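Those sequence lines, one after another, are chains E and L. Under numbering that gives the first Met the number 0, the letters of the first sequence match residues 0 to 210, in that order. Under numbering that gives the first Met the number 0, the letters of the second sequence match residues 0 to 162, in that order.
To be clear, the hints were calculated from the coordinates, so they are not data collected in a lab. Keep in mind that this is a model prediction, so the values were computed, not measured. Misleading hints may appear alongside valid ones.
[Stated by the list, open to error] Derived DSSO-like pairs (lysine-lysine); straight-line CA-CA distance at most 30 Å:
{"no.": "1", "chain 1": "E", "residue 1": "Lys62", "chain 2": "E", "residue 2": "Lys1"}
{"no.": "2", "chain 1": "L", "residue 1": "Lys82", "chain 2": "E", "residue 2": "Lys138"}
{"no.": "3", "chain 1": "L", "residue 1": "Lys50", "chain 2": "L", "residue 2": "Lys91"}
{"no.": "4", "chain 1": "L", "residue 1": "Lys50", "chain 2": "E", "residue 2": "Lys134"}
[As the list claims (entries may be wrong)] Computed far set for chain L versus chain E, every beta-carbon distance over 10 Å:
{"no.": "5", "residue": "Thr45"}
{"no.": "6", "residue": "Thr52"}
{"no.": "7", "residue": "Pro96"}
{"no.": "8", "residue": "Phe103"}
{"no.": "9", "residue": "Pro150"}
{"no.": "10", "residue": "Ile160"}
The C-beta atom is built at its ideal place from N, Cα and C for all residues, glycine as well.
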Amino acid sequence: MKRNIVVLAIVVAVLVVLSAAGWANWQNRKAQAAHILAQQNDAVLVPASASAPAHFSSPLVGKPAPNFTLSDISGKKVSLASYRGKAVQLNFWATWCAPCKIETPWLIELEKQYAPKGFEILAVSFDDLDKDDPKLLAKDKAEIVHGAQLLHIGYPVLIDGDSIGKAYGDVDVFPTSFFIDRKGNIVAASMGLTSKDELEGNIQKALGEGK
Amino acid sequence: MRLPAILVLAFATTLSLAQTPSTSLVPKSPSTKAPAVTYLFPEQVTIAAGKPTGVDLHFRIAPGLHINSHSPREAELIPTTLKFDDSAVTLKGATFPPGTDIAFAIDPSDKLSVYTGDFIIRAEMVATPGEHLVQATLHYQACDNSACMPPHTIPVVFDVIAR
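Let the hints inform the model, and build the full structure from the sequences given.
Structural data, given as structure tokens:
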């Protein structure tokens, strides 16, 4: 009889403590949910400034650039290996990417400025290609050509970037650039819209002129 | 003696679980791995069968991101669109909210028409009598203030009871 009373007392005590812990946990979750909701309601878009820090980290920096062969918009096969001996900026972009549109005029200027030193840009389009439907594929390609023309891109524009995205660390934000030195090693990477100065600094690194 | 020991063990385990911080509510940084847009509600609507009815579909865009409105200012930009793949419930039309104009500080003249935060699409639908699971989709393309993510499609699933 006495043992039963002890057990019952323990059971009651456990239930009381569990109820208290459950109540505290529920209050904690409620407070967190309210905090997150408040953050979402207050969300505002802050436009980037030229000096805003970009995202830099890429585990590929310091490693050889994965080789690839893609077609350009005229149908010509272009291999990264054929650029050995030159500094290359691999610029992943898309026609629907608004920040890419801001960056491209800088790239065009920088390419002209540094071409005499052995610098080249390869634009790699991430626009979708309907490979199973020849008519749609032709339309997709025409749209990329049109997008490149609108931006006055003079350097090679390669298509089907999606097929090499994984090799370059699962590229999934645009613009993303990899800066490759004359030996074929990635010396810098940038993700998102950076500044022209930052792009130039990375080009200089690729050319072996970086500080 | 065994019963109190079990009770103490259960108590200690449950208490430690109760004190574990909730991870499901911790906000995550925007990433293309997680959809930029979430369908919020309704989960179920009741409408008159055979009669066009407007239903407000509520969506939420992750903090720090925006998506193009239904009417972006440039043809190259991908508009937000809603599609129904259901024969029993057909989409007769959709009213999208007007976009908000934003611009990058570096190029203030180049305006973008976008949605941020929560937004509502009014879907005009007609249903045959009965209960139907609508599996619609929302197609959008999201960016933050310096980078864009590939176009994405999310499911918009809700029940329609048409009487």
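Here is how each hint holds up against the structure:
1. In summary, the hint linking E:Lys62 to E:Lys1 is not supported, as the alpha carbons are separated by about 74 Å, beyond the 30 Å threshold.
2. Using a Cα cut-off of 30 Å, the hinted pair L:Lys82 and E:Lys138 holds, with the two alpha carbons roughly 22 Å apart.
3. The straight-line distance between the Cα atoms of L:Lys50 and L:Lys91 is roughly 11 Å, inside the 30 Å bound, and the hint therefore holds.
4. Taken as a hint, the L:Lys50 and E:Lys134 pair is broken in the structure, with Cα atoms around 38 Å apart against an allowance of 30 Å.
5. Every C-beta of chain E lies more than 10 Å from that of L:Thr45, the closest at about 28 Å, which supports listing it as non-interface.
6. Against the 10 Å criterion, L:Thr52 stays outside the reach of chain E, whose nearest CB is about 29 Å from its own CB.
7. Under the 10 Å C-beta cut-off, the non-interface status given to L:Pro96 relative to chain E holds; the minimum distance is some 16 Å.
8. Residue placement check: L:Phe103 does not keep its beta carbon more than 10 Å from all beta carbons of chain E (closest about 5 Å).
9. Consistency note on L:Pro150: stated as away from chain E, yet its beta-carbon is not over 10 Å from all of that chain's, at 7 Å minimum.
10. Consistency note on L:Ile160: stated as away from chain E, and its beta-carbon is indeed over 10 Å from all of that chain's, at 29 Å minimum.
In summary, the structure is inconsistent with hints 1, 4, 8, 9 from the numbered list given earlier, while agreeing with the others.
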